[in-house]
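Protein chains: 4
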Amino acid sequence: MDTGRMKIEWVSRYMKLLNLLREKFSKEKPLAGLRIGISIHLEAKTAYLALTLSSLGAKVAITGSNPLSTQDDVAETLKNFGVEVHAKRTHDEKEYLKGLHKVLDYHPDLILDDGADLTVLAHTERKDALENLKGVSEETTTGVRRLRAHEKKGMLMVPVIAVNDSKMKFLLDNRYGTGQSTWDSIMRNTNVLIAGKNVVVSGYGWCGRGIALRAKGLGANVIVTEVDPVKAVEAVMDGFQVMRMDDASKIGDIFVTATGNRDVIRREHFLNMKDGAILANAGHFNVEVSMKELEELAVKKFHARSNVDGYVLPNGKTIFVIAEGRLVNLAAGDGHPIEIMDISFSLQVLSLLFLSKNHENLEKKVHLLPSEIDEEVARLKLKALDVEIDSLTEDQRRYMEGWQ
Amino acid sequence: MDTGRMKIEWVSRYMKLLNLLREKFSKEKPLAGLRIGISIHLEAKTAYLALTLSSLGAKVAITGSNPLSTQDDVAETLKNFGVEVHAKRTHDEKEYLKGLHKVLDYHPDLILDDGADLTVLAHTERKDALENLKGVSEETTTGVRRLRAHEKKGMLMVPVIAVNDSKMKFLLDNRYGTGQSTWDSIMRNTNVLIAGKNVVVSGYGWCGRGIALRAKGLGANVIVTEVDPVKAVEAVMDGFQVMRMDDASKIGDIFVTATGNRDVIRREHFLNMKDGAILANAGHFNVEVSMKELEELAVKKFHARSNVDGYVLPNGKTIFVIAEGRLVNLAAGDGHPIEIMDISFSLQVLSLLFLSKNHENLEKKVHLLPSEIDEEVARLKLKALDVEIDSLTEDQRRYMEGWQ
Amino acid sequence: MDTGRMKIEWVSRYMKLLNLLREKFSKEKPLAGLRIGISIHLEAKTAYLALTLSSLGAKVAITGSNPLSTQDDVAETLKNFGVEVHAKRTHDEKEYLKGLHKVLDYHPDLILDDGADLTVLAHTERKDALENLKGVSEETTTGVRRLRAHEKKGMLMVPVIAVNDSKMKFLLDNRYGTGQSTWDSIMRNTNVLIAGKNVVVSGYGWCGRGIALRAKGLGANVIVTEVDPVKAVEAVMDGFQVMRMDDASKIGDIFVTATGNRDVIRREHFLNMKDGAILANAGHFNVEVSMKELEELAVKKFHARSNVDGYVLPNGKTIFVIAEGRLVNLAAGDGHPIEIMDISFSLQVLSLLFLSKNHENLEKKVHLLPSEIDEEVARLKLKALDVEIDSLTEDQRRYMEGWQ
Amino acid sequence: MDTGRMKIEWVSRYMKLLNLLREKFSKEKPLAGLRIGISIHLEAKTAYLALTLSSLGAKVAITGSNPLSTQDDVAETLKNFGVEVHAKRTHDEKEYLKGLHKVLDYHPDLILDDGADLTVLAHTERKDALENLKGVSEETTTGVRRLRAHEKKGMLMVPVIAVNDSKMKFLLDNRYGTGQSTWDSIMRNTNVLIAGKNVVVSGYGWCGRGIALRAKGLGANVIVTEVDPVKAVEAVMDGFQVMRMDDASKIGDIFVTATGNRDVIRREHFLNMKDGAILANAGHFNVEVSMKELEELAVKKFHARSNVDGYVLPNGKTIFVIAEGRLVNLAAGDGHPIEIMDISFSLQVLSLLFLSKNHENLEKKVHLLPSEIDEEVARLKLKALDVEIDSLTEDQRRYMEGWQ
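For the protein sequence lines, the chains are C, X, E and F, in the order given.
Sequential numbering of the first sequence, starting at 1, is according to my numbering.
Sequential numbering of the second sequence, starting at 1, is according to my numbering.
Sequential numbering of the third sequence, starting at 1, is according to my numbering.
Sequential numbering of the fourth sequence, starting at 1, is according to my numbering.
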C-alpha cells in the first residue's frame, strides 16, 4: 500500500482551509511560473501544503527543517507528484545541510522557511541564491527572531513575512497546537499517567501556556519556571506554582522546555532530579535541555523505549530524555494536529501570494501579514466550523469610532 | 463605628504593593507640591490609593466616575484625612457632572481618570483647566479609546499615559479582576446556581475571556458572542460555543456583556429570552444592554431583589437586570478584588511619578508606560507573593540576542 | 416594602421542582391533617419549602437549625402565611434550644431535621414528643451520622429517611451547592482575589471536592488535607497538592474546612500561619476551626469587616475568621444556590410523603429514599432544564440484564 | 534487541506498588504451589503482573482477553521467563477461544479474569475446570456484571472477588486511566485537533466522566448522552451539554462510547453524522458502536490510516471508526497508563492472596475486597508519591464515633 499517499489523503480531509483556498484559486493559478523553496518538517501536512502550492501553479523544491522529522513514505509520494524532494529521515547534520543547498540550487523566487536555516544560508554561504529571491515567509518564533537579528545588523536582503507573528498563527499554533501535540507525544512514548504528576513547564510564552494548560487538563500539578516577571505573575494568577528551576528540578516528574533559550535544564538540575524523571523539549532547537552536559555527566546511557533514552547519573538515579531533546512533538510524534497546520498553512499560502504580488514595494525588513489576511483566515475557519458570528450594526460601528 | 475607616484598613492589609511603594517613597515625598484630580469609583481601594498619593506629598481632590459606585462612609473618612471629596452615592447625572467640575476647579497638575470623563470635560467645556494640567493617567479601555479618538482629531492638549495598556493592567485587571468580581456580584445579587446554566458572554476581549473562564470554572456551559472573527476562533478553541446573539438569546440563562459597545443586547434579543433570564453588564458604560429599549418594551417593571429589577415583557415572560445595566461588579458589588487594584494602582502611582518628572518631554499623545515600570510592578508582586524566579545566565542572554 | 415576601417570591421563580410538585399535589393535599416540625436554616428557600408543605395540606411549625442563619424578615412573612415560627437571628444558644422545644411542643407527626438537633432532643429530654412522631427526614451528613450512631446503640425510636444519602442530594447539594456558596460567601465578605492564592481545603468528601473544584475554577492553587488515604489519592489524581495541615498551615492564604470533624485547624496551625490568612468553615458545626483555642491564643481580637474578626497572635501576625467559624455560606451568605435547595427540598417533600404513607411498615432505622424517588426528582430536574435524554431500547435492556 | 524485555523493564520502573509488594513478599512466596490462570490484555504491564505473581511463588498460565490487544514480543519474553502463554495478536475468535481452553486445561487454583470469559467458560462448557478452582478475581465492570447475573441465577460455583468494585480500582482506573488512554489513542491514531471539537461522550459512568473531563481538559466542547436521569443531571451540573444521541449525532465531530451497552450508536445515528466524523469505543466489548449495521449500510469501506477504517455512506459522507469499534485504548494504543495498572494489579495481587487464604470461608458469591485492602493499596500509593497525610487525633476519633 502507498502509505505516503494514504497519510496525505487523511490529512487532506481535515485541512478544510487549504481546500477552500484550492477551490478558490486552482483555476486562476496565481503562483504560475514561480519557484518556491521550502525547508520544513516533512510529513503529511507539509506535503499537502506543497501540493496545494503546486495546484496554485508553483514549482516546488522541499527539504526538511530537521532530519529526524522527515517521513520517508510521504517524501516518496511527494516526488511522484512532481515535487523536488531533498530529505530523508536517516540524514545526518551534513546531509541535512546538503539538502538546504540543493533547494537553493533551485534558485527559488520565494522561500517558505521553518526556523530560518534556508534563509540564513542564502544570506551567508549561498549569496548566489539571493539573486532570484523575492521574499521569504517564515513560520516559527525562532526563525523570526533570527531574521530580526539579521535585520538589525542591516544584513537582510529580501522582505520577510513573519507568518509566526500573525494572530491566527501565534494565538493558535503555539498554544493549541503545541499544547496538544506535546502531550500526545509524551503520552504515546512513555505510557505514564499524567494525572497527579508534578509537571514542570519552562517558559510561559504562548507555547508554554498551551503546554501548562493541557497538563492541567490532564490532571497534573503544574509548576512553571520563567525569567520574565510579568509572565511569572500571569502563571501564578492562572493557578500554577512558580519557582526557580533549582527548586522545581527536585520535585518534578516530567519536565517540558519551551523557552526558545539554551541550557534551561542543565548539569545542576539533572543532579537534583528524582529517579525516573522524564524530560522533553517543545522548543524549536535541541538546546533547551543541555544534552551535552547530560552526556558528559551520565555513567551509562541506554535505549529505554522507542524514542526514549535512559541516562544513569553518578548518584545512581536514572533520568529519561525523549527524542534526544529535539522538538518532541515532531521528532517523536506526528507534529501539530492537522487543523492547526491547516490554519498556519493557509496563512503561508496567502503570505506567498502577498509576497508574489507586493515584493517590489516591500522594504527589506521583517513584516507582519496585513491584518485583513488574518481576518480572512479566521472567517474561513469559522466557515469550516459552521459557526456564525455577529456583525456590527451601523450605530455600533459609529459608536466604536466616536469618543463622546 | 467608623465603617469607612474599617473598610480602608481592611483593604490596606492586602494592598501590599502600595505599601511597598509607601515604604520606599514616604520620606522622599516625590509628589510634594502637586495637585492631583481624580475621577474614580470611590470605595475603600481607591480611597487607599488617594491616601497613598497624599503620603507621597500630593494634594488630592476626588470625585466618582459613576454615581452609584460611591460608598459614602468611605468618602467621609477620606475627608477626615484631608482629601477634597465631591461624590455621593445618591448623586444623579447632574450632580455627578458638578463633581467633575469641582475637581477641575481645583486646577490639578495631574489627572487620574477612569473612563476619561474628567479629561474630556477639561478638553471641551473646561479648557481653563488645561492651563495647569501637565498630564493624565487613564485607567480603562474605554477611557483610552476615547482619548485616542481625541488624539486622532488633533484635539489632545496634554500627554496621556494609557495605564490600561500596561501588561500588568490589561493582562490582570481585565481578566482576573473582572472575571472574579462579575461573578461575585451576580451570585450575591441573585443566589442562583451557576453550574449547569447556559451563560452567554458577549465580547471575548480580556474582560470577556475572564468572565467566560470563571463561568466555566463555576460549572456553566458558556456561549460566546463576538464580532471579531479572530477572537471568535479563539473562543471556539477554548472550548466555548460561539454563535450569534440572535441564537444565544433563545437559550441563555444568564447574559453578561463586555464589549465596550452599545446595544449588544437589544429589543429583538429581549423578546427571544427565556422566562427568568438574568442580564448583567460588565462593560464600563451602561449602554451595552439597551435599557431604553427594554423600558419601552416592558409592560411592567418591578423591584425584584436588592439591585435587581424585573421587566415583564408583552409575551408574558419576565427578565431581570442587575444594577440597571451599569457596571455590575461596581454598581452591585465591591468592585475588583483588592489585590488586582493594588497592582493597577501601583502602576498609577508610578505613572503619575513618571508624568511629574517627564511631562515636558512627552508629546501630547497617548503613551504607554515604559515596560520597565511594568517589570518593576511585576517584581514587586512576586516579592509580595514570596515567589522567586530564574534569571538568564550570561550565556543565555547572549544566545537570545544572537541569530546563529 | 415587605422584603421577606420579595425574597420568597424571588426564590420561588427558580424553585421549579417545588413548583412542579405544587402543581401536581395541591388539589389532592396529600399531607392534610399532618403536623410537620422543622428545624432548618430559616431563610427564603426554606420558607418556600414550608409554604409548599402547607400548600400540600400540612400544618407546619419551624425553628432554625443555627441561630445566626435566621433571616428575620423572612420569618415574619412566614408567620403571616400561617406557619408557626420560633426563630430569630439574635437568638443565643439558650433561646435556640427553646425554639427546638417549642416545635416539639407542637407534637409533630413528622420531623424535617437539619443536623438532627430536633430529633436528638426528642430522643433524650423530650421523649414525650416521640408519642405522636411517625418519622423523620434528615437533610445533612452530620445529622445522618448522629442518627446512625443512635441506631447502633438501639436508641432510635422512629424510622428516619436519610435524605442526605440520596444521590440527588449528596451528588449535587454537597458538591455544587457548597462549592459555589462557600466561595460566594468568602468573596463577598473579604473582596480578596482568589486567583493565585494558596487555598487549603480540609476534607475531600463531597463538600470538600466541590470547594476544591470551584477554588481551582477561580484560579487558586489548591492544597488538600485528608485523613482517608483513598480520598487523598483521589485528590492527588485530581491535580491537587496533598499534604499534612502542619505543612499546609505555613503556606495557605485561605483555609476552608469541610471534614465533619472537630479541631481540624487548631493551636499549632494558627501559629504557623502567614499574616493575613483567612479562615472559613464549610462544615455543619462550628467546631472544625478550634475557636476556643484561637480565643485563648489571641492577644487581641477586633471586628475587621462585616462578618470578619481579626485575631492578633502572640507572634504579631493577624489572622481572620469569617462568621466566627460557623457554616460560612449560611452564617455569612445566602446559603446554597436556589436551584440546589429546590432539588433537595423536592426530595424532602417526597420523603415526607413517603413517610406519611409507609411509616407503619418501616423499621426504626435509618433508611435510604427508594431510588425511584431519586429518579423521579432527576427527571423533574431535566424537565425544568428542558433537557431530553435517551431511553434504552428493548434490545439494550435485555443486553444489560443478560450475561452471555 | 529484545523489545519485549525492554517494554517490561520500562513499565517495571513505574509500577512502584508492585515493586513494594515484591519486596515484601518475595522471600515468603505466599503463592507457592498455586496455579493461576489469567485472561487479560497481554502487554508489558500485565506481563509484569504475571511475573510478580511468579515471584510470589505461583505457576502462571496466561491468554489474552481480546485477540487484537496481545503484543507478541512481550508474550515471547514472558515465555522465556517460564510463564505458559496462549495468545497471539493474529488470533481470530476461534483461536482466542482455544487459548481460553488451554488455560483451563492447566486446571488453575485461581483465575484472574478480565471480562469474565475464562470464568464463564469454566461454568459452562468446561465444568471440569471447576474441580480445582478455588476462586476468581475479576478486573472489569463488564465481567462483574456478567458474574453477578450468574450469581442471581444460582449458577456461580466459586467465590469471586469483584476487584473492579474496590474504590482504588473504580475511582482511579475507570476515570483517570480510561480518561487519559482513550484520548492518547484517539490523538495518536488521527492527529486531529481536539480543541474546539464537538466531542460526544456516551455514558456518564466512571469511564464516561473520565473521558469527558479529559476532553474538556483538551479544549473540546463536550456533549454527553445518557439513559440514567441522575447521571444526566450530574453531567449538566459539570458544565456539559446533555442531549439525545438523535441530536448529538448531527453535531458531533468525535464520538466515544462508554456505556457497557450495545448499539449505542447505530444506523439512524450514522446517517445523521457530519462528513469526517470519528468514532471510537472505550467500553469493554465491541458492541457499543453497531459495526454490523455500519458494515451493512456502507457503500464502501477503506483503510484510512493505521487502525482507522473509513466508511462511505449512501449519503456520500464518510465516517471513520478506530480499531473496528474495539476498546480503543487497548486495540489501538498501549492501554491504561502504567501507574493506573500498577494500582489495579496491586489490588489483584492482594485479592489473589486473600482468596488463597480465605476461599474456604467465602460463599459462592461475588464479594468486595475488604476495605482494609483498599486502604493498604492507597497507603502504598501515597508512599510511592512521597505524600504524607494527617491522622485523626484521639479526640477527633471519639468525636466521629459520637452522636452528641
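Warning: the hint list may mix true and false statements.
Since the list can't tell identical chains apart, any single copy or any two copies may satisfy a pair.
[What the hints assert, rightly or not] Derived lysine-lysine pairs resembling DSS-like cross-links, with alpha carbons at most 30 Å apart:
1) Lys134 to Lys59
2) Lys29 to Lys357
3) Lys383 to Lys317
4) Lys24 to Lys317
5) Lys250 to Lys216
6) Lys383 to Lys88
7) Lys301 to Lys127
8) Lys250 to Lys274
9) Lys300 to Lys16
10) Lys79 to Lys216
11) Lys29 to Lys317
12) Lys167 to Lys152
13) Lys59 to Lys365
14) Lys88 to Lys98
15) Lys153 to Lys24
16) Lys365 to Lys167
17) Lys383 to Lys274
18) Lys167 to Lys153
19) Lys292 to Lys317
20) Lys79 to Lys152
21) Lys383 to Lys94
22) Lys301 to Lys79
23) Lys250 to Lys16
24) Lys300 to Lys383
25) Lys301 to Lys153
26) Lys152 to Lys250
27) Lys300 to Lys364
These aren't lab readings, by the way, just hints derived from the structure by calculation.
Hint check:
no.: 1; hint: Lys134 to Lys59; in the structure: within (15 Å within a copy, 61 Å between copies)
no.: 2; hint: Lys29 to Lys357; in the structure: within (13 Å within a copy, 59 Å between copies)
no.: 3; hint: Lys383 to Lys317; in the structure: between (53 Å within a copy, 18 Å between copies)
no.: 4; hint: Lys24 to Lys317; in the structure: between (58 Å within a copy, 22 Å between copies)
no.: 5; hint: Lys250 to Lys216; in the structure: both (20 Å within a copy, 24 Å between copies)
no.: 6; hint: Lys383 to Lys88; in the structure: neither (37 Å within a copy, 47 Å between copies)
no.: 7; hint: Lys301 to Lys127; in the structure: neither (42 Å within a copy, 52 Å between copies)
no.: 8; hint: Lys250 to Lys274; in the structure: both (7 Å within a copy, 25 Å between copies)
no.: 9; hint: Lys300 to Lys16; in the structure: between (48 Å within a copy, 23 Å between copies)
no.: 10; hint: Lys79 to Lys216; in the structure: neither (42 Å within a copy, 40 Å between copies)
no.: 11; hint: Lys29 to Lys317; in the structure: between (59 Å within a copy, 29 Å between copies)
no.: 12; hint: Lys167 to Lys152; in the structure: both (23 Å within a copy, 25 Å between copies)
no.: 13; hint: Lys59 to Lys365; in the structure: within (25 Å within a copy, 49 Å between copies)
no.: 14; hint: Lys88 to Lys98; in the structure: within (11 Å within a copy, 45 Å between copies)
no.: 15; hint: Lys153 to Lys24; in the structure: neither (40 Å within a copy, 41 Å between copies)
no.: 16; hint: Lys365 to Lys167; in the structure: both (19 Å within a copy, 27 Å between copies)
no.: 17; hint: Lys383 to Lys274; in the structure: between (48 Å within a copy, 14 Å between copies)
no.: 18; hint: Lys167 to Lys153; in the structure: both (27 Å within a copy, 29 Å between copies)
no.: 19; hint: Lys292 to Lys317; in the structure: within (18 Å within a copy, 49 Å between copies)
no.: 20; hint: Lys79 to Lys152; in the structure: neither (38 Å within a copy, 55 Å between copies)
no.: 21; hint: Lys383 to Lys94; in the structure: neither (44 Å within a copy, 48 Å between copies)
no.: 22; hint: Lys301 to Lys79; in the structure: between (38 Å within a copy, 28 Å between copies)
no.: 23; hint: Lys250 to Lys16; in the structure: between (45 Å within a copy, 19 Å between copies)
no.: 24; hint: Lys300 to Lys383; in the structure: between (54 Å within a copy, 28 Å between copies)
no.: 25; hint: Lys301 to Lys153; in the structure: neither (42 Å within a copy, 58 Å between copies)
no.: 26; hint: Lys152 to Lys250; in the structure: neither (40 Å within a copy, 50 Å between copies)
no.: 27; hint: Lys300 to Lys364; in the structure: neither (50 Å within a copy, 53 Å between copies)
Violated hints for the displayed structure, listed by number in ascending order: 6, 7, 10, 15, 20, 21, 25, 26, 27.
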